[in-house]
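**Student:** Sequence lines, in order, name chains C and W.
Residues 1 to 65 in the working numbering are what the first sequence spells out, letter by letter.
Residues 1001 to 1145 in the working numbering are what the second sequence spells out, letter by letter.
Straight line, CA to CA, 30 Å or less: simulated DSBU-like cross-link-like pairs of lysine-lysine:
(1) C:44 x W:1144
(2) C:44 x W:1049
(3) W:1049 x W:1144
(4) W:1144 x W:1046
No lab work stands behind these hints, which were simulated from the structure alone.
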Amino acid sequence: MTTLASVLPADHFLIMTVYALLISLFFALLWRSGRRERVALFIKLFLALVVGALAVAWLMYPFPS
Amino acid sequence: MSDTASPLSPRPPSTAPVPAPRRPGNPFLAAALAWLFPGLGHAYLKRPKTALIYAVIVSATFLLGLSFEGRLYSPEPGQPLTILATFAVYGAGLLNIAVRLLSANPNGTILSVTYEYGCAFLLTAGLMNLLLMLDAYDIAVGRKR
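Same shape as in the complex, but just chain C:
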């Protein structure tokens, strides 16, 4: 079976962004009802996940792997 894992490069940032996109979309739909509220929550969640992950990665950078 051909999988995405074998076709795409294992781009950690891309996978994380797709994950953040799906999560943000899901919770924006689940937790809000109006269109504007949904868009606002989607942007907040997406940015929190992506920027938060980058911030944690930056903080962890000095530590030995």
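Knowing the structure of chain C, use the given hints to seat chain W on it.
**Tutor:** Then chain W, alone, in the frame of chain C:
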């Protein structure tokens, strides 16, 4: 003083029975359908657009997890956390069961670079669907509009 009631006077208590709010559907059936396939509970509650979007999001998350060679967990002796992981993955309903029956590799490929991502996507898809079950139940009992 006139006999006409002023706007400030208290209203006489109404004797007409208050009609109970109409339920859009059976809450347990809605939750069961929501478990079977993502969005099916919302479709049953006459929310086809929402149902379609949920179906796309949860199915995409699940299929990406499979494609990243993640693992469909089963309980293992001595590994209590696998019980929680199994519960989460079984939340995906028929998607999980069908893949377990049809896939040649339900345990994923632990040596794959994307294995951990795959596991995270599969667990997330199951947990999302469990939340959709609760959401469908809440809509059916009138707790959520």
